[in-house]
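Participant: Following the hints, put chain B in place on chain A, whose structure we already have.
Residues per chain are reported as follows:
There are 2 protein chains.
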Amino acid sequence: MERIPPCSGRAIELDAGDELVVIDPMGQQVSDLTAFARDDLDEYLSSGRSIDYAAKLWLSTGDVLYSNRSRPMFTIAEDTCGRHDFTLTPCSKEMFEKLYDERPGRPGCEGNLATALAPWGIGRDRVPVAFNIFMHVAMDPATGAVAVLPPLSRAGDHVRLRAEMPLVVAMTACSAGQSNNFSYKPIDFRVERAVARA
Amino acid sequence: MERIPPCSGRAIELDAGDELVVIDPMGQQVSDLTAFARDDLDEYLSSGRSIDYAAKLWLSTGDVLYSNRSRPMFTIAEDTCGRHDFTLTPCSKEMFEKLYDERPGRPGCEGNLATALAPWGIGRDRVPVAFNIFMHVAMDPATGAVAVLPPLSRAGDHVRLRAEMPLVVAMTACSAGQSNNFSYKPIDFRVERAVARA
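Protein chains in written order, with UniProt numbering: chain A, 1 to 198; chain B, 1 to 198.
Pulled out of the complex, with its shape left as it was, chain A reads as follows (with noise of 0.2 Å):
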């Protein structure tokens, strides 16, 4: 088990088979997770693909993570939360100036999954609407007004990921104080190799 300290992230590698188990510690945190093929970086997890082919913004066990050009990057083979977002980009340096009117702003989730990507040359231009996990965005269906909600994960809850090509994954401890009910507290994550299962 590896722990992401509060309002930080952390990249890895993943080969195809491996799973990626993403664990809120302590509850009401949240992890932004984005994702980039390893075999070309041009290619990235597709917010907008994902909710087209499962018909549904909030995606949960049985659903697949698809990338830019359709292909399956992830199938969330477990989910103890069952809420998570996929329509907002991670926390940045200007969300903060502009909704928290902090300044100068943190760098955020933005930041955060772009400097653990720079070794990848991956830049914040880069980073787009994150799978946000754990992230309780509430909808009107009248209005279509958003509303960032505590997380409605508790100590322990976690999501189990399984890689389905070659990825660089990039995910956080969430930064924004709505997000995670402004406690700011870290994630945990583990990986189980397939070649270690086989």
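Keeping only pairs whose Cα atoms sit at most 30 Å apart, straight-line, the calculated BS3-like set for lysine-lysine is:
id, chain 1, residue 1, chain 2, residue 2
1, B, Lys56, A, Lys98
2, B, Lys93, A, Lys56
3, A, Lys56, B, Lys98
4, B, Lys56, B, Lys185
5, A, Lys93, B, Lys56
6, A, Lys56, B, Lys185
7, A, Lys56, B, Lys56
8, B, Lys185, B, Lys93
9, B, Lys98, B, Lys185
Note that these hints are calculated values from the structure, not bench results.
Facilitator: Then chain B, alone, in the frame of chain A:
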């Protein structure tokens, strides 16, 4: 007034202050629109930023469409329809194969946007979640299920977008039957130049 023929795309350049009017001339047609900053084409129209700052999924008059760098790209100056989508990626060859069982799939809005953007060196991988003008996507707030319904636009409905920076803008007359009630109509547009009004 210019016409985008059914199942095709166009790209144009705008200066700050120019207004782009996108018109549904016959009703129930969708136009997928995306944009890039002319000064640095790595800056692009971001669904996730725009939804986050507006705190709603469905943007309309007075709302701002933001770039991935959190800068305003457009303001919606006028909107006679009131319902558009900003969650789904443009229809694509792979989408037609997966969801419509077409073999081979047509290029779709993604391919048509990429063809239109080719003179600026922007390829298919860089076509993000688009602002899908007149696209009617309904959400079930309990399950998150999304349904693509016939557009609410009637003949002559239009959206007026004021450019807030120099832009390359690409837009389509949508190729996906479910999005346009299987009518595959054209889209009209006109540009009102700031310099002509001055």
